[in-house]
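Participant: Residue numbers (our numbering), protein chains in the order written: chain W, 1 to 114; chain R, 1001 to 1113.
Possibly wrong hints are sitting among the right ones.
Unchecked claim - Listed next, the in silico DSSO-like pairs over lysine-lysine satisfying Cα-Cα at most 27 Å (straight line):
no., chain 1, residue 1, chain 2, residue 2
1, W, Lys18, R, Lys1058
2, R, Lys1069, W, Lys71
3, W, Lys71, R, Lys1100
4, W, Lys57, R, Lys1069
5, R, Lys1042, R, Lys1100
6, R, Lys1058, R, Lys1069
7, R, Lys1100, R, Lys1068
8, W, Lys65, W, Lys17
9, R, Lys1112, W, Lys57
10, W, Lys65, W, Lys18
11, R, Lys1068, R, Lys1058
12, W, Lys69, R, Lys1058
13, R, Lys1042, W, Lys57
14, R, Lys1049, R, Lys1069
15, W, Lys71, W, Lys57
16, R, Lys1112, R, Lys1069
17, R, Lys1058, R, Lys1112
18, R, Lys1058, W, Lys65
19, R, Lys1068, R, Lys1042
20, R, Lys1100, R, Lys1058
21, W, Lys69, W, Lys17
22, R, Lys1049, W, Lys65
23, R, Lys1069, R, Lys1042
24, R, Lys1100, R, Lys1049
25, W, Lys17, W, Lys57
26, W, Lys69, W, Lys57
27, R, Lys1069, R, Lys1100
28, W, Lys71, W, Lys18
29, W, Lys69, W, Lys18
30, W, Lys71, R, Lys1049
Stated by the list, open to error - Here are a few chain R residues that face chain W, going by a calculated C-beta distance under 10 Å:
no., residue
31, Ser1014
32, Pro1018
33, Leu1020
34, Tyr1025
35, Ser1026
36, Ser1028
37, Ser1032
38, Gln1045
39, Gly1099
40, Gly1104
Hints listed in this document are in silico derivations from the structure and should not be mistaken for laboratory results.
Glycine included, each C-beta is placed from N, C-alpha and C at the ideal position.
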Amino acid sequence: EAQVTQNPRYLITVTGKKLTVTCSQNMNHEYMSWYRQDPGLGLRQIYYSMNVEVTDKGDVPEGYKVSRKEKRNFPLILESPSPNQTSLYFCASSLGGGISDTQYFGPGTRLTVL
Amino acid sequence: AQSVTQLDSHVSVSEGTPVLLRCNYSSSYSPSLFWYVQHPNKGLQLLLKYTSAATLVKGINGFEAEFKKSETSFHLTKPSAHMSDAAEYFCVVSLGNTGKLIFGQGTTLQVKP
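Model the full assembly from the supplied sequences, consistent with the hints where possible.
Facilitator: Okay, here's the thing in structure tokens:
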């Protein structure tokens, strides 16, 4: 089944403790992206990757890192999480980054930073 | 600047009645537009998309949307609501060739029996 998977689905952590949220897709998509969803704000893009070893900042990149060493994986790294990073995170992928390419979303990771 | 405005944060309908979720966009060029649905505790699922072909776009589960350039609108409709349609709906505009998406704030659809 074609899908985007994320792990973990739920995570509670404390301020300053480094964490990684994994994202993997099995559709051979070149484009991958991370979003955060906050009430009343819709989804906002954190980082995106047009292809392996190519990443760029989205609208809200502060406090996050990403890497794209393999086509299928796009982990999101929080080196020193803070409470304002408590949010619902989505990974997405698409064939390319074209204007008409459909992005397929993972199930989401709910992160709470205490 | 490109933007998306969903005109209603919450819409309530009775089962079997029509659904209208309104979306206006602002774009300096011809955009691609999408509607996604998010059921509680689920990821986002594509309902339909417009990519400059037919202005009336049909999607899954009986939903459709009409692109009206003169009104800069992309409203989502369904003739008859079902209880399973209760969810949050996002209107989304795609910008350029960086994969960047601009999301509206979302509309919560409530369906009453």
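Participant: If a hint holds in the structure, say so; if it doesn't, say that too.
Facilitator: Taking the hints in turn, this is what the structure says about them:
With a C-alpha separation of about 44 Å, the suggested pair lysine 18 of chain W and lysine 1058 of chain R falls outside the 27 Å cut-off, and the hint is violated. A hinted pair counts as satisfied when its Cα atoms are at most 27 Å apart, and lysine 1069 of chain R with lysine 71 of chain W does not qualify at roughly 37 Å. A distance of roughly 19 Å separates the Cα atoms of lysine 71 of chain W and lysine 1100 of chain R; the hinted pair therefore holds under the 27 Å criterion. Taken as a hint, the lysine 57 of chain W and lysine 1069 of chain R pair is broken in the structure, with Cα atoms around 31 Å apart against an allowance of 27 Å.
Only pairs whose Cα atoms come within 27 Å are accepted, and lysine 1042 of chain R paired with lysine 1100 of chain R is accepted, the gap being roughly 22 Å. The straight-line distance between the Cα atoms of lysine 1058 of chain R and lysine 1069 of chain R is roughly 17 Å, inside the 27 Å bound, and the hint therefore holds. Pair hint lysine 1100 of chain R plus lysine 1068 of chain R holds up; C-alpha atoms about 22 Å apart against a cutoff of 27 Å. For a cut-off of 27 Å, the pair hint linking lysine 65 of chain W to lysine 17 of chain W stands: about 14 Å separates their Cα positions.
This hinted pair does not check out: lysine 1112 of chain R and lysine 57 of chain W have alpha carbons roughly 42 Å apart, beyond 27 Å. Of the pairs offered as hints, the one joining lysine 65 of chain W and lysine 18 of chain W holds, with about 11 Å between alpha carbons and a cut-off of 27 Å not exceeded. With a C-alpha separation of about 15 Å, the suggested pair lysine 1068 of chain R and lysine 1058 of chain R falls inside the 27 Å cut-off, and the hint holds. Between the alpha carbons of lysine 69 of chain W and lysine 1058 of chain R the distance comes to roughly 38 Å, so the proposed pair goes past 27 Å and is violated.
About 26 Å separates the Cα atoms of lysine 1042 of chain R and lysine 57 of chain W, which keeps this hinted pair within 27 Å; it holds. Among the hinted pairs, lysine 1049 of chain R with lysine 1069 of chain R is consistent with the structure: their alpha-carbon atoms are about 15 Å apart, no more than 27 Å. Among the hinted pairs, lysine 71 of chain W with lysine 57 of chain W is consistent with the structure: their alpha-carbon atoms are about 18 Å apart, no more than 27 Å. This hinted pair does not check out: lysine 1112 of chain R and lysine 1069 of chain R have alpha carbons roughly 33 Å apart, beyond 27 Å.
As the CA atoms of lysine 1058 of chain R and lysine 1112 of chain R are separated by approximately 24 Å, the hinted pair is consistent with the 27 Å bound. Using a Cα cut-off of 27 Å, the hinted pair lysine 1058 of chain R and lysine 65 of chain W is violated, with the two alpha carbons roughly 38 Å apart. For the hint pairing lysine 1068 of chain R with lysine 1042 of chain R, the CA-to-CA distance comes to about 30 Å; that exceeds 27 Å, so the pair is violated. For a cut-off of 27 Å, the pair hint linking lysine 1100 of chain R to lysine 1058 of chain R stands: about 23 Å separates their Cα positions.
A C-alpha spacing of about 23 Å is found between lysine 69 of chain W and lysine 17 of chain W, which places the hinted pair at or below 27 Å, so the restraint holds. At roughly 31 Å between alpha-carbon atoms, lysine 1049 of chain R and lysine 65 of chain W are farther apart than 27 Å, so this suggested pair is violated. As the CA atoms of lysine 1069 of chain R and lysine 1042 of chain R are separated by approximately 32 Å, the hinted pair breaks the 27 Å bound. This hinted pair checks out: lysine 1100 of chain R and lysine 1049 of chain R have alpha carbons roughly 15 Å apart, not beyond 27 Å.
Using a Cα cut-off of 27 Å, the hinted pair lysine 17 of chain W and lysine 57 of chain W holds, with the two alpha carbons roughly 23 Å apart. Among the hinted pairs, lysine 69 of chain W with lysine 57 of chain W is consistent with the structure: their alpha-carbon atoms are about 17 Å apart, no more than 27 Å. The straight-line distance between the Cα atoms of lysine 1069 of chain R and lysine 1100 of chain R is roughly 21 Å, inside the 27 Å bound, and the hint therefore holds. The hinted pair formed by lysine 71 of chain W and lysine 18 of chain W meets the criterion: a straight-line CA distance of about 24 Å does not exceed 27 Å.
For the suggested pair lysine 69 of chain W and lysine 18 of chain W, the alpha carbons sit about 20 Å apart, so the restraint of at most 27 Å is met. Restraint check for lysine 71 of chain W and lysine 1049 of chain R: the C-alpha separation of about 26 Å stays at or below 27 Å, so the hint holds. For serine 1014 of chain R, the interface hint is violated, since its Cβ never comes within 10 Å of a Cβ in chain W; the closest pair sits about 26 Å apart. Contact between proline 1018 of chain R and chain W, as hinted, is not supported at the beta carbon level, the nearest pair being about 25 Å apart and thus beyond 10 Å.
With its C-beta approaching chain W no nearer than about 20 Å, leucine 1020 of chain R sits outside the 10 Å limit, and its interface hint is violated. Using the Cβ-Cβ criterion of 10 Å, the hint placing tyrosine 1025 of chain R at the interface with chain W is not satisfied: the shortest such distance is roughly 13 Å. Below 10 Å, beta-carbon pairs count as interface contacts, and serine 1026 of chain R has none with chain W, the closest being about 15 Å; its hint is therefore violated. Among the interface hints, the one on serine 1028 of chain R is violated; its C-beta lies about 13 Å from the nearest C-beta in chain W, farther than the 10 Å criterion.
The closest approach between the C-beta of serine 1032 of chain R and any C-beta of chain W is roughly 5 Å, which is under the 10 Å cut-off, so the hint is satisfied. Nearest Cβ of chain W to the Cβ of glutamine 1045 of chain R: about 8 Å, under the 10 Å cut. The hint holds. Of the supplied interface hints, the one on glycine 1099 of chain R holds, with its beta-carbon coming within about 3 Å of a beta-carbon of chain W, less than 10 Å. A least Cβ separation of about 6 Å between glycine 1104 of chain R and chain W falls short of the 10 Å threshold, and the interface hint therefore holds.
Hints 1, 2, 4, 9, 12, 16, 18, 19, 22, 23, 31, 32, 33, 34, 35, 36 from the earlier list are contradicted by this structure; the remaining hints agree with it.
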